[in-house]
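*Asks:* Single-letter residue listing:
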Amino acid sequence: SILLILSQCSVNSSVFTQEIMKWNGWGYSDSRFLFNKKGQAEFTGKRYRLSGMILPSLKDWFEGTFGASLQHKSPATVSAIYIYFFNAVQPPTLNEAFVEDLKSVGIPFSHDAEDRVFRAHGHCLHEIFALREGKVGRVPDLVVWPNCHNDVVKIVELACKHSVCLIPYGGGTSVSSALECPPEETRSIVSLDTSQMNRILWIDEKNLTAHVEAGIIGQDLERLLNENGYCTGHEPDSMEFSSLGGWVATRASGMKKNIYGNIEDLVVHIKMVTPRGVIEKSCLGPRMSTGPDIHHFIMGSEGTLGVVTEVTMKIRPMPEYQKYGSVVFPNFEQGVACLREVARQRCAPASIRLMDNEQFQFGHALKPQVSSIFTSFLDGLKKFYITKFKGFDPHHLCVATLLFEGNREKVLQHEKQVYDIAAKFGGLAAGEDNGQRGYMLTFVIAYLRDLGMDYYVIGESFETSVPWDRVLDICRNVKERIIRECKERGVQFPPLSTCRVTQTYDAGACVYFYFAFNYRGLSDPVHVYERVEHAAREEILANGGSLSHHHGVGKLRKEWMRETLSNVGMGMLKSVKDYVDPNNIFGNRNLL
Amino acid sequence: MSSLFQHRDPMLKKRDDFEDILEERRNSSDLRYALKCYTPVVYKGVTPNAASLLKTTVLQSDQLHYVVDQLSKETGVAADVIQEEASAILEEMAHRQQLSTVRFFAFTLSKAFKALFRSIHVNEEGIQRLQQAIQEHPVVLLPSHRSYMDFLLMSYILYTYDLVLPVIAAGMDFMGMKFVGEMLRMSGAFFIRRSFGGDKLYWTVFSEYVKTMLRNGMAPVEFFLEGTRSRTSKSLTPKLGLLNIVMDPFFKGEVFDVSLVPVSISYERILEETLYARELLGVPKPKESTSGLFKARKVLSEDYGSIHVYFGQPVSVRSLAQGKVNRCHFNLMPRHIPRRPSDETQCFVNDSAYSLVRAQEENMVLKPWVLLASLLLQNQSQGLLLDELTEQAVWLRGLSREYGAFLNWPDHMAPSEVVSSSLSLHRDLVKISGGRVQLPCSSPITEEELMNQAVVVLSCTSYRNQALHVFLRPALLASAIHIATSAKKEEVYNSFSFLRNMLSNEFILCPGATLQDFEEACYLLGKTGALQMSQQEMQVTDSGQKTVNFLTAMLDPFLQGYQVVCRYLCEEATEALTEKQFIPAIRTFIVRLILAGSLRYYELLSSDLQKNALAALLRLGAIRKIKVYVGGKLPTQKAVAARL
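Chains A and B, in that order, give the protein sequences. Using my numbering, the first residue of the first sequence is number 1, and each one after it goes up by one. Using my numbering, the first residue of the second sequence is number 1001, and each one after it goes up by one.
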């Protein structure tokens, strides 16, 4: 692709992450699932533990679950070349004065179609589906790459001066339509890509904090800190691609929040550039009683108020010891009861997740080919023990995966405590290996959707948080609602409708739903998909679930904000927006 | 209210066919039937061991604990004492269904039913729908209630079709019959006190008991929306308590959905026929007792015709509540803390209850005798010649079918045959002399004579009443046209609305559906050519006169009745009157008027009508209830009453 990069500023290599990423699917270009000539599933590339492996049972699971067939392919219809070079993308509407001023302050920018399309979407199903079909809606007219906080200040000033719409872009992993350009926007839309602001500016070992530029990507931040013996411990499932600024802007949550906390617990100081100027606190005190915490206007603002440029966050020494684990429960009810008890005793490991039976079976289908007869014999024995000897029904049992962290002695002690609780609920320890595979799957599962889309299967996940006493009810009702809605909307095959409990809190849990179906025979599968997801969200709300635990609202869930926050609550947020950004420069129209 | 129950053209209503379940009983061994292999399909989400854990689950529920704690704090009584009390309430209430008892009933009821009835017709498609529903969601069975027989009959049918036997909410009065009470309990009945308004503990145990059975999905819950047996064969205004309870688990997300299945049970001849009439005339209801039941053995030698049981379309509470109840309102409080239902919920439950009763009414099977009784009641003084009666009945058959009645008229028989066989089944109620058919009433001299004749008339009205729901809306319109000051549509609508409002304690008229009912009535009268409508005016056609006369005559006794009640309150009642005094006093007043020949409808002696009229006047504000030291007193506001 052609980049219009001005020479004064050197652009860091990671501007080219775009080069190694798929433009119409999830993750790295070299990593994907496919069915090989023998009809066996394999995962390509070298990046993951599963890479290069054959997954012998995936095909049967896939065909059995969705009624799909390897004979019925639905590959992406358009090659990249078609989109970029045959005018599928609208030519940019440039604000010449803005571009001129940008040139004069020496900030790199581009209006190349590929750069613009790449930043016009997140990873919602409808966004990816459209890309695969070569359909592109409104895209940003220009992409700019500020290199530091001061660059952002200049860009925002220029945007205000020339009335340009700014949409901050971090890692592009949004699943709330947050990056979609409002079609009604008439001003020139500029995507502000923070990827060049990716340095750790300082580390304070006395206070265990690090001051980091907000464009840094999760895995880079962790790697760089690890080199110094530290970590943030913040590991959202998207951490390979999502950015620090994005976490702040959406109120992200990490897998290991039980030890390290969610983003709101990790952040000590935030610097954000707004049309009114820069907002930040005057000190690094660990807690303040100075009126409502202004950080909470910033966290979750989803790019509607400004650009987060620098963040001071807590760091921890790297854990001495890590241990995975897993527990099998006779049924989901028992599993939830166990998680509740673990939360009650406040002894949750770094991570504890409970998959329902469908996900357990799915996880099983992703088991790689075993290398020796011995392992296969061992697996058989385990299965025999659990189903025949312990009498677990393979169609009801479910699995919790665990991750412990800390010093070795404490981890072992902690492990025992958790397994003892599990035993009270009929749970059987099921080994480290199952646990580890569970977490590894977290990172590859997103790739699997692309495989499905090659064979008429579309799907998505969504999440909520809910009080403990409603966990079972919400899981049952939402899953059932999905199945019902699919049927009523003419889906010809039973859908996959499954859930897991991914986080525990004192007062409730975070629940994830996964849902996918075979869309053969449907004329507008995405519309059907959207209606079902909409119905599922209504069901979540009717069952006492929240609008979102950590994905955010974006434009996808905006319609429920008023009932979620009350009129006054909406008014409060609106008045903040009106003060901070009266001309709606940050015009992505998320949230409100 | 809901489109679920709406049919634009009643003629197009599709109804299932019936099968006679007694036929097989007459051809094979009852014993083998009672001992047959019984393996019903169950709800897919049924909790294992639900039945054996039921009482423990209730007693250990958060709901009960909360209320026990609260009561303990309020009264100072130790919590475990109250918990004991709760346990005792549950003991008194709970069913103890066991298969052996069910088999015993299967055997004895087979014998009894064969002796009493010619046939028991059941719509098998309804049974299939029910079977489907039972697997999908917790099910609530809502049969109409006309006879003691109803719930035994229901269980008998479900047993016959290998469906899960329901647990049935029964009134405590059954418990009076010691042995029978226990038998019923073992067949699946649980007993609730007739009134426990303020008793929080009782209410909690009771509602938790019902909800636990629903959530666990172990068996369909069965209760009578009408609350009690209708003595008049008119559907009664639904009671909301239990309906509220069974909908609650859905509102709170504890179950995905609940299926409500209205069941219409129609008897060709009701066992309690004269019993009811006596009761309505003021002979108090005999207390249920086992010996009384055995005395009733003589009924076994009589012919009670056939029964039709129609299992209606299951109604999903979820679909009903769609857009009407915002379940988010239940999010902000722990679900085990009892709360008054919001106005929105109350209103929804009320509307649903009416729709469900309407659904029961719609699938009630009407026998030819129902039409004959209607005609004979309109011609009480002279009666009708047999030929006339047949001719009129054929006319009425046509009309009622046009109006969507579920008429079970044997079309393969000659009309005269149909009429005579109906008359012979109900020979106790008619007198045929010289080819003239009439009700046995001839200017009585004494009150006793009058009462004896009134028993027959009231028995007859209970048959006519079965058809009322078919003719009610057109009849309201016909009467409205009759009393309206002009033919202007607006005027007629106002009269219609006034009549409908006044009679809404008497009949099942869904609240807030006045316009809808008016339109339906216009449509029906227009369709049959009885009414001509222009933009502003409505006019009865010449050919429609007969229809309109019939319809007005059908409603006339009720209007007369309300007038008499008003007259009594205006003319006779002293300043204030207690509720207890009202019924005997008005009865004496009416007896006097009838004996004096100035009132011709004996059915006005029905205490049901008198109570309804009083309730209506109370509701309309024509009279007021004041709490004085002894009971309620009813001062009248003459101005309003006079308008009637």
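Any given hint could turn out to be false.
BS3-like mimics (lysine-lysine), calculated; alpha carbons at most 27 Å apart, straight line [claimed, not checked]:
1) Lys1239/B <-> Lys1055/B
2) Lys388/A <-> Lys1239/B
3) Lys1252/B <-> Lys558/A
4) Lys383/A <-> Lys1044/B
5) Lys487/A <-> Lys1239/B
Keep in mind that the hints were calculated from the coordinates and are not lab data.
*Asks:* Could you run down the list of hints and mark each one as holding or not?
*Replies:* Results of checking the hints against the structure:
no.	hint	result
1	Lys1239/B <-> Lys1055/B	holds (26 Å)
2	Lys388/A <-> Lys1239/B	violated (51 Å)
3	Lys1252/B <-> Lys558/A	holds (25 Å)
4	Lys383/A <-> Lys1044/B	holds (26 Å)
5	Lys487/A <-> Lys1239/B	violated (35 Å)
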